[in-house]
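Chemist: Spelled out from the first residue to the last, the chains are:
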Amino acid sequence: MLGVAEIEQLPVAQARGGDAAAWDTLFHRYQLPLYVYVFELVRDEQTSLDLVQEAFINAARHLGSLRDDTKFGSWLFGIAHQKCIQRWRKQAREEMLREEVAGAPAELEAGPDDLLIREEQEAEFMNLLNQLPPPQRSVLLLHFVEEFSLEEIAGITGVSIGTVKSRLHYAKKTLRRIYENAA
Amino acid sequence: MKTPREILLARHRGAEPALDAVRKDAVKAIADNRGVAARVKTNPASSLWMVCRELFVPARGIWAGLAVCWALIFVLHFAGRETPAVVVNVSPQPTPEMLAALRPQQQLFVELLSGDTKQNDADQPRRSRPQPHSEIRGWSALA
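Protein chains in written order, with the numbering used here: chain A, 1 to 183; chain B, 1 to 143.
The hints are simulated quantities; they were obtained by calculation from the structure and are not laboratory data. Each residue gets a CB set at the ideal place from its N, CA and C atoms; glycine is no exception. Take the hints with a grain of salt, since some may be wrong.
[What the hints assert, rightly or not] Reference listing, derived: stretches of chain A covered by chain B, where coverage requires no fewer than 3 residues with Cβ under 8 Å from a Cβ of chain B:
| # | segment |
| --- | --- |
| 1 | 45-59 |
| 2 | 79-90 |
| 3 | 121-135 |
Kindly produce the complete structure, drawing on both the sequences and the hints.
Modeler: Here it is, written out as structure tokens:
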């Protein structure tokens, strides 16, 4: 399955050459999804804006380390993810990043668009999303917001694909309560 | 019915003006940095400074440690060595009176030296002339 970013032609090569307009295009493309991801993890507006800006500056500084231009999106989210981790460490909330011990399912049951939510269930969806442990919330947001592949999510979060599958499975299982409650 | 992506993006659309400002700041910072980098490239003094910074700043702890070690070595080296007292022997310039007083002594010294030489000749051991051996004499007589 192709991710949202993979079907676009992004001016990464021009950005490498120092083209400010190319950077503006790249940042404009990712600013809102990146903000959504960061905000849903740190739950603070100003902190989220600061982290997005830091991610942008770091991306410009370290673009040389990006080998595949088509992976710019997941690479940028990886930088933002690291910023969130650093922020969590500062706040001594590492204990929240606990690992699941249950085994991963072989395949995911549904794609990100298969979960359709009625308007009256949106608040409950957001409430449940916020109740998820940060590791599960993180992979679910990456799955929903940018439709990143399991490999990309593993790369962004720095865990194995098996762990990503496991987190995604349990996060979706939790969200399915919406339907169970509605039924 | 909406997808989770649509719900999430819609909930944060209100942050877009702030995000636009963040993006513009970031792009401006990138453009400024590139300008600074270009200026540094053209200025050799700045390039040298940058090279020094890149060499010393990342390992400044190590460099500081090395400097302290060398300072200790110098301190121990110079503290353990006795400094010799420098004696400056300045001979006074001879005055004409002194030269006049020394002249008879010099004369006497020369005389003593010449007398000493004669005495040395007298002291040399006398060497007896070699006498022909009796056998040699006899052989010569026979001849």
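Chemist: Evaluate each hint against the coordinates.
Modeler: Results for each hint:
Using a Cβ-Cβ cut-off of 8 Å, 7 residues of the segment 45-59 of chain A lie near chain B, which meets the minimum of three, so the contact claim holds. With 0 residues bearing a CB less than 8 Å from a CB of chain B, the segment 79-90 of chain A misses the requirement of three and the coverage assertion fails. Coverage of the segment 121-135 of chain A by chain B holds. Counting CB-CB distances below 8 Å, 3 residues qualify, and the rule asks for three or more.
Going through the hint list in order, the structure does not satisfy hint 2, though it satisfies all others.
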